[in-house]
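Chemist: Going down the list, the sequences are from chains A and B.
Each residue of the first sequence is one higher than the one before, starting from 1 at the first, in the working numbering.
Each residue of the second sequence is one higher than the one before, starting from 1 at the first, in the working numbering.
No wet-lab data here; the hints were simulated from the structure.
You may find that some hints are simply not true.
Capping the alpha-carbon separation at 20 Å, the derived lysine to any residue pairs in SDA-like fashion look like this [what the hints assert, rightly or not]:
1. LYS340/B - GLU170/A
2. LYS340/B - LEU127/A
3. LYS161/A - HIS346/B
4. LYS61/B - ARG79/B
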Amino acid sequence: MQQRPVKLACRDVWKLFGEGADRFLADRRAARGMVPGLAEIQAAGLVGAVRAANIEVGEGEIFVIMGLSGSGKSTLVRCLSRLIQPTAGEILFEGRDLLRASEREMVRIRRHKMGMVFQHFALLPHLTVLQNVAFPLEVQGIARAPREARAREVIELVGLKGREAYYPRELSGGQQQRVGIARSLAVEPEIWFLDEPFSALDPLIRREMQDEFLRLQSVLRKTIVFITHDFDEAIRLADRIAIMKDGAVIQVDTPERLVLAPADAYVAEFTKHIPRAKVLTVRAIMRAGPPAGEMAGEVSAADRIEAVADRVEAADRPFAVTDAGGEVIGSIDRCAVIDTLIGREPRR
Amino acid sequence: MKARTLPLSPLAVTWLGLAAATAVLAQTSGELAKALDARWLTKLPRELRLPLKDEISAFMKWLVEEANFGLFTFTDLTRGIAWLLAQPYELAKGLLVGGFVQGLGDEAVQLLPPLSWAAVIFVVAALGHYAKSLRLAVFVGLCFLYLALFGQWQSAMVTLASILIAVPLGVAGGLLLGIAGYRWPWFDRLLTPVLDLMQTVPVFAYLVPILFLFGFGPVSALVATLVYAMPPMVRITTLALRGVPSEVREFGVMVGCTSRQMTWRIMVPSAMPGLMVGVNQVIMLSLNMVIIASMIGAGGLGYDVLTSLRRLDIGGGLEAGVAIVVLAIALDRLSQAFVKRPPPEHGEGPLSFVMRHPYALTALGVILVTGLLGLVWPFLQSYPAAAQFTTGPFWENLVRSINVNFFDQLEAVKTFMLLNLLIPVKRFLLGVPWPWFILLVTLAGWQLGRWKLALLCLLLSAFILVNGLWEDAMVTLYLCGVSVLIAAAIGIPVGVLAAQNARAGRVIGGVIDTLQTLPSFVYLIPVVMLFRVGDFSAMIAVVLYALAPAVRYTAHGIRSIDPQLIEAGTVSGCTRWQLLWRIKLPLALPEIMLGVNQTIMLALSMLVITALVGTRDLGQEVYVALTKADTGRGIVAGVSVAFIAIIADRLIAAGAARARARLGLVAQGAH
Ligand SMILES: Nc1ncnc2c1ncn2[C@@H]1O[C@H](COP(=O)(O)OP(=O)(O)OP(=O)(O)O)[C@@H](O)[C@H]1O
Ligand SMILES: [Mg+2]
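Same shape as in the complex, but just chain A (with noise of 0.2 Å):
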C-alpha cells in the first residue's frame, strides 16, 4: 500500500439527526464511556446517520465511500466539508480541526480549497453555462474578464466548448453534470467532494462519464472523496474504498483486500458477485517462491488479472511474476487466471 500524506480524516465523527441529539450522545458517552448503539439511538427517537467514523483521505487519493441508500453517505461527506455540523468528533483538513474554525474561515476554505458536485447537478436555472462556471468566481469578486476565461478554460477541459451560452435546460444529464463538474473545478480546489455524481444518469453516459472522470483525474491529481452506491463503479475508481452501513463505516481497504479479506460478512455479501478479475491483482493469486521450469513471459505483480488474463491464458506454460523493482517473486499459470475469471475457488 502506498503511503501517502493525510489530507483529510475524520475521527470519530458522529451525526445523530433529531430532538436533543448532542445532549443524548454526551450523556450516553459521559455515563458510560461506551457508545450507544444503533437500538438505543432509534429508541432514543434519534436517526444514527454517522456513527462513530472514522477515515483518512491521502493526497491525491481517489477515496470512495460506498454503502446503500440511506447508509448515511450523504450525510458523511457533509460532515467533512461542515455542511453540516457533526453531533460530535473532529474533522482534520490538513492537520487543522475544522469544527474549530470560525465561520469566516470556513468560507476561505470552501471559496478556495474545497469543490463539490451534487447528484442532481444543482446548477442555477437562470445562469447560462458559462456563466454557472463561472459563478464560484464571481461570488469571490474575481473580475469579469479573468473569471470567464477561467470558465471557458475549465468548459473546455470537461468537452463542453461551443455550449458555453446554453441554458442547464437545453443541456442533457450528462451534460448538466459535466456542467456541474466543471463549475467545481474553477476554483481549483485541493479537496474535490462528488456525492453520487453519476447515480442521475443512465448506464451508458454513467460509463463514459467515470472514463470522463478518471482522465481528468489522471491530468488533475486532485484529493478526492467520491460517493457511490454501485460497486462497480467504486472499484473502476477507487484507490481506497469505505464501506458503510447504517452510519458506521465498517471496512476501508483498496477493493483488492474488499475481495480478499473483507471484514465481515455484510461486506463479504457486498462483494460476492463482483468480477473478481477486475478487482485482484496477478500477486494475489500466484504461486509464490521461485518458479521451477520454463516461463512463457513476465507480468507485473500489481498488474491486474483483467489486464494479464489473455496473455496468460494464451500461453501453454505460466508466467513469471515479477515485482516493483523487477526481481521475480513468484509465477502465475492459466488455471489460476480461469479460475479468478469464473469465479471459483482456487485449487491449490
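Model the placement of chain B with the ligands on the given structure of chain A, informed by the hints.
Modeler: Below, chain B with the ligands alone, put in the same frame as chain A:
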C-alpha cells in the same frame, strides 16, 4: 343478552338532543325570559358591557394627538410614511392621468402631458407580446381600447396608477418579510399568527384605523391595499424558498457565498417560478381592493362604482363595474403569462444594447412619437369624447324592462326565499339565548379540539357578547350561514360534476377562474338592480362571490383520491352512484370541508361589503364607523367578524383533521 345497536352513535344522539333543545329555546326564549324575569337572557344588560370601543377610540386619539417618541411625534411618523408613499403614487398618476404640472390653480402650467391613450395601449400590447403571444397582445390591447371607447379611461388610469404602485411595494414588502421568515425561524413563528389573523380579519376592520392614521386619500387606500395584498406574498415567498432543492443551497455554501449572496444570487433566483405566482396574487388582490379602497379616498373606477351604487345609478355603476372587470382580466392574463413565460433560450453571444432591449426601446419610441404628435393632433393625446360610447342608458333600459316584465316573478322568488328561509333562520338565531349559544359553541370546541379549542371558542364569543354586538353577530351569522349553505349546496354538486366529467370540468374551471378574478363588489351591481337593496340581494351577492372555493376544493378532493381505491370499488361491483356516495365523497370529505371553510371566509369578508345594500349586521357596524371615522367602533366590530371567522375556521379545520385521521390520509399541502 344481545346488545341493541343504535342506528346512531351516542355522540350523534347527544348533539341531536342539543339541537332539539336549541329549537325549543329559540321559540320560547322570549316567554321564558319574561316568566323568569330574566331579561338578561335575551339581551346583555348595559352594565355588563365593556367600554372597549371607547377606550380604543381614546387611545387612537392619544396616539394621533399626543404620542411622542422624543425626536418626533406619532403624527410625524404617519405623515412621513404618507409622504413617502405619495411620491411614487404622484409620479405614476402624473404619468397616466394628470401629466406634470407646475404651479397651482389657474397659474398651473403643464410641463408634460400624461402618456397618451395610444401609447398606453401600445405598451400593454407590447407587454402581452413579450410575455406570450400576439394573441395576448391583441387581447389586452382590446381590453384597454374598451376603456377608452366607453369613456372610462380617466378613472381606469387612476386605478391603474394605484395598482402600479401597490403591486411593486406589496411584492417587495412580501418578499422581504418572506425572506426574513425563511432565514429566522423565530421571525416565522412570530409572523405566522399575524398572517393568519390578517387573512381572516375582513378588510374593513383595518380600514377605519388606517383612515384615522393617514387621513382620507389615495395614501390611505394604498396602505389598506398593501395590508390586504401582502400576506399571500409573504407566505408564498417562504414556501418557494423552502422549496429550493437542498443541493442548490448546499452549493451556495460550498462556494462560500456570504448570506447576502446566498439570498439574492442563489435562493431568490432559484425560487423565481414560485415567487411569480405570488406576484400574480398580489395583483389580483390589489384589484380586489379597488372599490373598497375608494371608500377611503382611492378615486378611480372604484369610486365611480361606489357613487353609482349610492345613487342607485344602474347604468353608471354597471359601466364602471364592467370596466373594472375588463381591467382585472387584462392584468390577470398579463401577469399569468409572465408567470408561465418560458425561460430564455441561449442566444448568439453578446448583443448590442439595442438588440437586447427591442421591446423597451420600441415602446419608448412609440411613447415619444405619440406624445409629440399629440401636440399637433389632440385626439391622439386624449381620446376624443365625440368618439366615446356609453352603454349606461342601454343597461338602464335593459334592467328597467326586466324589472317591468318580470317584476312579479322576481318578486315572487324573493318573497318566497325571504319568508321560507331567510326570516325563519334569522328569527331562530336571534331567539337563541346567548348563554345557551355560547355553551353550544364551547361544547363543539371541546368535542373537536378539547380544552384548547373550547377555551378559544368561549373567549372569542364572550368578547363579542361583552362588546354589545351579540345581535349584530347573530345577524351576521344568519346571513353568512344561509349564504354558505346555499353556496355549498350549489358548489359541491358542481364540483363533483367537474371532477367526474372532463369536458364539464374544463367549462366549470373557466367560469370559476373568471368569478375569482372579479372584485367582490362587482357582484353587487346586477343583484341590486334586479332585487333592490336588502338581505336577499346581499345573500345572492355573497353566494356568487363565495361559490368558487366550494367548487374548486370539491373537484380537487375527488380528483386526488387514490385511483386504486376507486378501482377496488369498481371491482367489487359498485354502481357509479355507489362509487360516488360510498367511496368518493367520504374520501373527499376533508377536502370538501376545507372548501366550505374557504367559502365561509369569503362570505364573511363579503358581508361587510354588502353593508352597502342595507344589511343590519356587523358589516353595517363597520361601515357606519367608517363614515363617522369612529375608530373604536370600527375596530371592535371588525375584530368581532374576525373572531367569528376564527371560530369557524378552527372548528372546521379540527373537524377536517379528525376526518382525515379517521380515513388514514396524510395532510395534504402541509409541506
Ligand atoms: N436532515 C435530516 N433529518 C433527519 N434525518 C436525516 C436527515 N438527513 C438524513 N437523514 C437520515 O440519515 C440517514 C442517512 O442519510 P444519508 O442521506 O446520509 O444516506 P445516503 O447514504 O446518502 O443515502 P442515498 O444513497 O439515498 O443518498 C437516513 O436514514 C436519512 O433518513
Ligand atoms: Mg446521498
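Chemist: Is the straight-line distance between the alpha-carbon of LYS161/A and that of HIS346/B 20 Å or less?
Modeler: 14 Å, holds
Chemist: Quick one, are LYS340/B and GLU170/A close enough, alpha carbons at most 20 Å?
Modeler: Given pair LYS340/B, GLU170/A holds - Cα atoms ~17 Å apart, limit 20 Å.
Chemist: For a C-alpha distance cap of 20 Å, please report whether LYS340/B and LEU127/A respect it.
Modeler: 18 Å, holds
Chemist: Assess, step by step, whether the Cα of LYS61/B is no farther than 20 Å from the Cα of ARG79/B, and give holds or violated.
Modeler: 15 Å, holds
Checked against the numbered hints above, the structure violates none of them.
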